[in-house]
Amino acid sequence: MGYDKRVDGRKPDELRPIVAKAGVIKRADGSAMFQIGNTVAYAAVYGPRDMFPRFLQNPQRGTLRVRYNMMPFSGAGDRVKPGGSRRSKEISMVTEKALLPVLNLEDFPNAVVDVFIELPQTDAGTRCAGICAASIALADAGLSMKDMVSSVSVGKVGSMIAVDLNYAEESYEEGDVADIPVAFIPRTGHVSLLQMDGLIDKESLKRALEMGRKACARIYEIQKKALKERFASSVEVNSTDGNNK
Amino acid sequence: MGELLVQDKSIVVPGEEVAAGMDFLPTEGVYRDGDKLVASRLGLLAVDGRLVKLIPLAGKYLPKRGDVIIGKVIDVAISGWRVEINSAYTAMLSMKDATSEFIARGADLTRYFTFGDYLVTSIVNVTSQNLVDLSMKGPGLRKLPEGRIITVAPNKVPRIIGKQGSMVSMIKDATGCKIIVGQNGIVWLQGEPGQELIAVAALRKIESESHISGLTDRIKAFLDEEARKLQIGQSPIAHSASGGIVPQR
Amino acid sequence: MNEFLKLHIVKWFEKGKRYDGRSLDEFRPVVVEYGVTKNAEGSARVKIGDTEVIAGVKLSVEKPYPDTPKDGNLMVGAELLPLSSPDYEAGPPNEESIEVARVVDRGLRESKAIDTKKLCLIEGEKVWMIAIDICTINSDGNLLDAAALAAVAAVQDARFPEYDGKVVNYKKLTDKKLPIARLPLSITVMKIGDYLFVDPSIEEEKVVDSRLTVALAQDGKICAMQKGGDAPVAIDDIGRMIELATVKAAELMARLKR
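Chains as they are written, first to last, in the numbering used here: chain H, 5 to 249; chain Z, 110 to 358; chain S, 78 to 335.
Derived from the structure by calculation, the hints contain no laboratory data.
Do not rely on the hints blindly, as some may be mistaken.
List time: in silico SDA-like cross-link candidates among lysine to any residue, alpha-carbon distance up to 25 Å [unchecked claim]:
(1) 281(Z) with 89(S)
(2) 162(Z) with 87(H)
(3) 268(S) with 224(Z)
(4) 229(H) with 140(Z)
(5) 304(S) with 326(S)
(6) 206(H) with 175(H)
(7) 268(S) with 287(Z)
(8) 281(Z) with 240(Z)
(9) 181(Z) with 326(S)
(10) 150(H) with 287(Z)
(11) 83(S) with 254(S)
(12) 283(S) with 281(Z)
(13) 268(S) with 262(Z)
(14) 92(S) with 333(Z)
(15) 232(H) with 112(Z)
Fair warning: this is a prediction, and the values are worked out from it, not measured in the lab.
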């Protein structure tokens, strides 16, 4: 018995199809859309800006504030009640911690950088998609950052170690499932998000994390491309325009 | 020995390695990690001899002492005005720096400047905690009359102004608009409707194409073309910024 | 407040032009996309210029309200997400989002757009509940009209999931659509001084004297209204505003699937 073939036919280390785009929300200081499989995340960055209420201000450095939210119609099954839940609060918090290590906020004492992550459609891996989108949006906002952050879930479904579990795999019932969302800082290979639920042995965990790191390196390239395309496209279009005149 | 890992003037993103070896020196937007130079923000790589820096493509205005900027009055306090300046922080204009007139204690400050007013003002001080002080004392500093306000990327301001103001003068001459460009990226315009939209389009064009060579010629050609279209009543920009209802996708 | 901008906008009106070059009765480009999110039973994305909203429909089986035991339930929610504008804050719904939700709700309810009798499964016991949620992606003026249009399009797009009398199987959508009797559309007419115009930009919205949202059914009947803005309006003006709304509603109707 075992899970030797993935439900959607992917190889164990294969990610679902990814689409990433920077600069999708005009009114935001920075923004991005990140889609992986059927999970779609939008992220918008506002700031650095004045922080209210004032007692939350930090005179040493700027504050990063993340809000993760699922749209009411985004989930398979029942409507998600608006207004946040314990789950969304916790994910907001771990997302903040996943992104904070790369941000240079020393130049912005008392100010806040707000990151809003919204999911119109979900199919597992939402916090990871949110982190990927937020990282692109932060760079798009022109913030000073040591690196990007790339994130994916890894895990074990039955006997298979795999990356980017989808909803069907997360809810696999014929064997143990371990779901491990991780985020990597690509240059250093350090882990800035690590959560897990399910059951896994130590050796498998190590292998899963290694697989996650490699997958995140691929995601980083996609994030990079999204940012370059945002500015390159206007360059190309306009330069041919210029040649015609 | 040192080696550039990406081409000069290309777009780089945070975390991207831009050069290897100890010959190159990191400046703005670049940091050293071991023998590598790494980008610390989204920008265009600019190599000047051994110096490597990034010209940012996005980001808020960083207040600098001496800059002449445009700001919006958002609050009237006991002893002055709070002004929004397109930066992470708001600025303060105190009574004593607002006018050479004597203002009696307890006077109604809204008689001078009130909510929603736009001011051409200069930055006289920026503290380590980023408290920004403004002054209205100096040539050209004043409250602006009604007009249009647009915000451009602050790092594009030098290109919009041009050498000795040549770029913005060209737009003013071509469109007959009054234009004031604040160092913080806030721009005030006032002109005839059609002309004003052409001026805005020209500013946006500079903003998006400033890193492609031949900018001045392109902007000149653009202004000539739009002026010609406006004359024969065909300018799509002056007629409508976006057109009517378009067919469903 | 904002006299600076208002004077400039009015100066342009005098010349028959809008701040962005449009004429006074001209909409920005309107785009309607159907089926934009897979987990909703129906969904639509509406863009009006740079304003972008998504509406999604979720269907569930619930108990009917005691006073209407034979009718299905309808609920409209609107979230002005802080993602979509620097002016919005995270937190419980504010006045503006409640107004959007209630104006859209009244347009759908009072036009009898959905035949709620056909949503009854067992009288007094089980009926379908239609929950329509509207979320803003980019808030750049005229949310009221965008939200109303998106809600109607999402209702058009919706299909019932399988239901065996006990459990709703959200994984399987049937071909059965919602019982739509007619389509209502909302148009908001803005007023500054004596000037009437539609589809305000965010700048124009900040300086309007008054506005009137008119929900019109397909047959031209008025089914809901909402006056907003701080200034009162004359009866004659209301007549003119409704005339303009009627013309524009017909234009927008052409953007919807038949």
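Status of the hints after comparison with the structure:
This hinted pair checks out: residue 281(Z) and residue 89(S) have alpha carbons roughly 19 Å apart, not beyond 25 Å. This hinted pair does not check out: residue 162(Z) and residue 87(H) have alpha carbons roughly 44 Å apart, beyond 25 Å. With a C-alpha separation of about 23 Å, the suggested pairing of residue 268(S) with residue 224(Z) holds against the 25 Å cut-off. Our distance criterion of 25 Å between C-alpha atoms is met by residue 229(H) and residue 140(Z), whose separation comes to about 21 Å.
Proximity of residue 304(S) to residue 326(S) is assessed by CA-CA distance (about 17 Å); at most 25 Å being required, the pair is judged to hold. Using a Cα cut-off of 25 Å, the hinted pair residue 206(H) and residue 175(H) holds, with the two alpha carbons roughly 22 Å apart. Our distance criterion of 25 Å between C-alpha atoms is broken by residue 268(S) and residue 287(Z), whose separation comes to about 28 Å. Distance check on the hinted pair: residue 281(Z) and residue 240(Z) sit about 34 Å apart at the alpha-carbon level, beyond 25 Å; violated.
This hinted pair does not check out: residue 181(Z) and residue 326(S) have alpha carbons roughly 38 Å apart, beyond 25 Å. Distance hint between residue 150(H) and residue 287(Z) is unfulfilled; the C-alpha atoms sit about 42 Å from each other, more than 25 Å. Proximity of residue 83(S) to residue 254(S) is assessed by CA-CA distance (about 46 Å); at most 25 Å being required, the pair is judged violated. Taking the CA atoms of residue 283(S) and residue 281(Z), the gap is about 28 Å. The hint is violated against a cut of 25 Å.
Only pairs whose Cα atoms come within 25 Å are accepted, and residue 268(S) paired with residue 262(Z) is rejected, the gap being roughly 33 Å. Proximity of residue 92(S) to residue 333(Z) is assessed by CA-CA distance (about 24 Å); at most 25 Å being required, the pair is judged to hold. Only pairs whose Cα atoms come within 25 Å are accepted, and residue 232(H) paired with residue 112(Z) is accepted, the gap being roughly 22 Å.
Going through the hint list in order, the structure does not satisfy hints 2, 7, 8, 9, 10, 11, 12, 13.
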